[in-house]
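Novice: Chain by chain, the residues run as shown.
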Amino acid sequence: MIASRLILSVGLCALLAGSASATAPATLPVSTVDLGSAPFYVQNDATSALAGVQVLLRAGLDRESSAQSGLAALTAETIARTPVDGVPLIDAVAARGGTLSSSVGPQYVRFYLQAEPATLATLAPLLARAIAKPDTSLAVVNAARAVVAAHIADDESNPVSVGLEMLRQSYYTNGAALPVYGTTGTLANLTGADVRAFMAAHYVRGNAIVSAAGNVTPQVDAAVKTLASAFATTADAPVVTAARPFGNEPKEIVAHRDIGVPYLVIGFAAPSVSDKDFAAMLVVRAILGDAFDRPSATTLPIISRAVGVVYAYDANPAELAVYVNGSQLDPARGLTAVQGITSSLATTGMNADQLKRYKTIAHGEWQTEDVSIADRAFAIGNFVAFGAAPDSGPRIAEAIDAVTAADVKRVATAYLKRYTVALVIPRATDRSPG
Amino acid sequence: MRVGRMGAALVAALGVSLVGAAPVSAPAQSADGSVRGTLPGGGTFIVQPAAGAPVAGISLWYRAPSTGFGDPLPGMGRLAATTIAASQPITGTPVGRYVDQLGGRISVTAYPDAVAISTLVPADKAGDVIRALTASYFTPVIDDAGLTVAQRDLAEEGFFRQFSPDDVIDDLLVNALFSDGPARFPTVPTPQQLQALDIAKVKQYAARAFRPANAVLVVTGAVDPNVVESAVTGPADAAPGAEPALTEHPVPQPQPLTTNGTEPGLGLGWVGPAIANEKEATTFDFIADYLFRPDTGIVSKALAKSKTTVDGKFVTYHDPGVFLISISGGDLTAAKAIVESALANVKKPLDERTFAAARQAFVYHMLDDIQTPGELADNFGWYTVEGNGAYAPGAGGQRGRYFAAATELTPASVAQTVSAYLDRPGATVTVATASSRPAAAKTSEGAAK
Chain A
4 MIASRLILSV
14 GLCALLAGSA
24 SATAPATLPV
34 STVDLGSAPF
44 YVQNDATSAL
54 AGVQVLLRAG
64 LDRESSAQSG
74 LAALTAETIA
84 RTPVDGVPLI
94 DAVAARGGTL
104 SSSVGPQYVR
114 FYLQAEPATL
124 ATLAPLLARA
134 IAKPDTSLAV
144 VNAARAVVAA
154 HIADDESNPV
164 SVGLEMLRQS
174 YYTNGAALPV
184 YGTTGTLANL
194 TGADVRAFMA
204 AHYVRGNAIV
214 SAAGNVTPQV
224 DAAVKTLASA
234 FATTADAPVV
244 TAARPFGNEP
254 KEIVAHRDIG
264 VPYLVIGFAA
274 PSVSDKDFAA
284 MLVVRAILGD
294 AFDRPSATTL
304 PIISRAVGVV
314 YAYDANPAEL
324 AVYVNGSQLD
334 PARGLTAVQG
344 ITSSLATTGM
354 NADQLKRYKT
364 IAHGEWQTED
374 VSIADRAFAI
384 GNFVAFGAAP
394 DSGPRIAEAI
404 DAVTAADVKR
414 VATAYLKRYT
424 VALVIPRATD
434 RSPG
Chain B
14 MRVGRMGAAL
24 VAALGVSLVG
34 AAPVSAPAQS
44 ADGSVRGTLP
54 GGGTFIVQPA
64 AGAPVAGISL
74 WYRAPSTGFG
84 DPLPGMGRLA
94 ATTIAASQPI
104 TGTPVGRYVD
114 QLGGRISVTA
124 YPDAVAISTL
134 VPADKAGDVI
144 RALTASYFTP
154 VIDDAGLTVA
164 QRDLAEEGFF
174 RQFSPDDVID
184 DLLVNALFSD
194 GPARFPTVPT
204 PQQLQALDIA
214 KVKQYAARAF
224 RPANAVLVVT
234 GAVDPNVVES
244 AVTGPADAAP
254 GAEPALTEHP
264 VPQPQPLTTN
274 GTEPGLGLGW
284 VGPAIANEKE
294 ATTFDFIADY
304 LFRPDTGIVS
314 KALAKSKTTV
324 DGKFVTYHDP
334 GVFLISISGG
344 DLTAAKAIVE
354 SALANVKKPL
364 DERTFAAARQ
374 AFVYHMLDDI
384 QTPGELADNF
394 GWYTVEGNGA
404 YAPGAGGQRG
414 RYFAAATELT
424 PASVAQTVSA
434 YLDRPGATVT
444 VATASSRPAA
454 AKTSEGAAK
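Note that the protein sequences, when read in sequence, are chains A and B.
The first sequence begins at 4 in this note's numbering and counts up by one.
The second sequence begins at 14 in this note's numbering and counts up by one.
Take these hints with a grain of salt, some might be off.
[What the hints assert, rightly or not] Stretch-level coverage of chain A by chain B, calculated; a stretch enters the list once three of its residues show a Cβ under 8 Å from a Cβ in chain B:
1. 95–106
2. 117–124
3. 331–340
No wet-lab data here; the hints were simulated from the structure.
Each residue gets a CB set at the ideal place from its N, CA and C atoms; glycine is no exception.
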């Protein structure tokens with residue numbers, strides 16, 4: 004019996020001490036290739052079967068006027084629908100074994116091209132050709148318009164998307180506040196001439212940040228050079244996007260949609276990726292994301308989560324949104340609980356155990372945030388776009404480890420005391436208390 | 014009950030401590046950089062280091078019938094694996110919570126013949142997670158609290174699943190295709206089936222299904238191959254050997270099935286090639302991709318502007334595989350005509366140019382589907398438990414057997430293989446809403462209703 008106890012204790016020590024740590028391969032560096040006109044940021048992994056190239060272009064929502072709402076998306080989609088050998092570019096890329104996608108954010112539009120390296124080298128010139136000479140005929144623009152309109156419909160049925168758009172409209176002062184895909188009304192009025200003018204003004208080389216991940220061979224380098232040269236060398240006027248100041252009392256916005264359950268979305272200002280407080284805000288994100296879920300055996304799917312957090316750091320000023328899933332938690336109770344946590348973080352702060360716990364979660368969430376080639380190419384470009392070094396990923400992980408309780412308290416005080424509430428409720432339903 | 018848990022914990026600790034230091038045996042490095050070998054307690058390990066993100070995909074796969082080892086207990090595989098993730102092991106923290114607290118993700122997936130526990134974690138925690146996973150599953154501690162949490166998880170999963178027409182139809186199709194075996198039952202139990210799974214049955218199942226010798230541990234990502242040494246051995250008295258691969262028994266003439274659902278739908282299903290028939294299995298992957306891949310498939314694009322959703326897949330089970338098509342929403346009659354026309358067209362050889370482009374796109378899609386550590390780990394795990402690990406698309410990269418089989422496909426061989434299987438009697442399923450239910454044939458026995 005004594006022997007057994009001794010063995011047990013040794014076994015427990017071995018278990019609790021953790022295993023021998025793995026010697027992980029060194030983090031892949033990000034190098035800068037001179038394209039002659041614009042820098043090209045590359046995280047090369049020669050073992051990867053695929054490569055992905057991203058162009059982040061300063062031609063996002065904040066370039067739109069109210070009457071042009073939807074123009075950034077329509078322009079990107081027109082490029083994707085421009086015929087190549089008689090086939091829309093997006094289909095031509097797919098038929099050759101690749102993927103072309105685009106998305107629009109508050110300040111940037113993103114094009115992403117992925118394929119096997121040799122194929123990518125043949126696809127990038129096709130994208131270059133469509134950018135240099137888009138087909139803005141009525142037929143192509145109408146085809147693009149139909150795709151954008153479908154996105155409007157999709158977003159309208161997603162309560163989180165609706166809430167995030169409402170918050171963004173309340174948060175930013177310029178076109179960055181406009182709906183990503185416009186409205187059916189504004190979209191219907193946009194023409195091929197609008198697309199051409201938008202491209203002439205904003206699709207210029209100085210607005211482009213080009214990044215790549217995966218197996219970026221010399222062939223891909225050369226193709227990217229061709230792609231970068233597709234943009235005009237003319238200058239673009241700068242635009243400054245700012246956030247509206249929050250009032251002393253929370254602003255509340257209500258919208259009705261054809262959804263099953265109410266959602267409440269709370270929007271806070273947040274530091275950008277290059278801000279010294281970014282890491283501390285990632286710890287706050289971990290706290291808010293972890294605080295409400297019921298006990299579960301495995302990671303809960305989004306639909307089962309009571310509360311989710313979206314950190315929109317693809318813009319500056321950035322925004323942090325917390326949404327309450329009405330099927331899991333009463334929105335009014337959720338709001339009270341979020342207020343309780345943010346207030347506590349700003350006043351009482353965290354003890355050492357809490358801090359350690361949430362730093363570990365934040366560190367892990369950050370490490371697992373950008374895993375695919377597309378996500379890694381995005382992260383590099385996004386860092387550069389907002390003033391951080393292209394290889395900021397590991398540094399931010401280290402910064403999370405160094406966050407102190409005082410950092411969290413300072414960030415909570417600076418960012419979480421004022422907010423806007425968006426309530427998305429099913430049509431023909433009484434408004435919930437909020 | 015409390016004493017029982019303590020007893021189990023003691024056994025677990027002793028088992029681990031007595032033999033936990035044994036090294037893994039005979040690792041062998043492949044040309045693609047993967048390392049394979051045998052775990053100290055039996056079972057297989059595969060490590061595939063990969064650069065890229067600082068993460069590790071770690072999966073434990075088991076060949077284990079989802080309905081248990083005796084009389085059918087639908088949902089047993091998923092419930093048992095989920096319960097272990099929620100139960101408190103000797104190390105103190107349930108493994109599900111442990112992974113979450115590292116900022117990682119963990120999930121349990123069940124198939125008729127297999128159960129998988131998959132994680133994505135920071136690479137520098139890979140060793141700790143391997144230790145926690147193997148300690149939790151090789152010597153399972155199952156407690157009441159864990160069972161309660163798992164039951165709630167599965168009840169919620171079952172609730173949401175009824176709103177997924179694809180899942181409802183796929184479950185019914187495999188139910189119709191086979192005469193017996195676990196494929197006749199959904200892996201997510203109904204509330205009534207869940208009630209029948211008590212803790213004693215869960216423990217009995219877990220002890221056999223999750224024993225070390227039956228495990229396939231897959232580790233991918235930014236890890237060193239020796240990270241697998243973190244795996245514990247497990248109990249010294251665990252049964253040796255792995256479970257045999259499951260051979261299902263197709264019915265010669267599947268009967269049409271009908272059920273009620275939240276959205277009208279149709280299903281078409283056929284028995285396909287076994288995983289050992291690499292060329293034919295690859296043919297069906299190719300056809301599923303060519304016709305049904307979202308955004309690019311011929312049928313998917315034809316229906317893109319309609320209100321109909323179509324899903325088509327080949328599932329590479331041990332023997333036989335299954336080819337399943339689900340159609341839901343919108344004008345089902347028109348959509349079915351498009352699907353049937355597309356199927357008729359692939360029974361004839363595609364023209365060389367179309368075929369070459371389709372195959373190039375297929376190869377790209379396969380590579381895209383295994384690009385992250387998590388995807389790669391599950392890919393290795395699936396093909397290994399189904400009995401042909403060397404055929405996994407991740408094995409050997411583009412010089413491996415899977416892509417070699419893709420290269421060997423020709424328009425004629427594809428047409429011949431498709432005809433050989435799809436000209437046989439297939440299963441048909443009709444899902445009606447309460448107001449539109451047709452006077453249809455037999456209702457399924459085991460599948461969700």
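Novice: Broken hints, numbered, in rising order?
Specialist: 3
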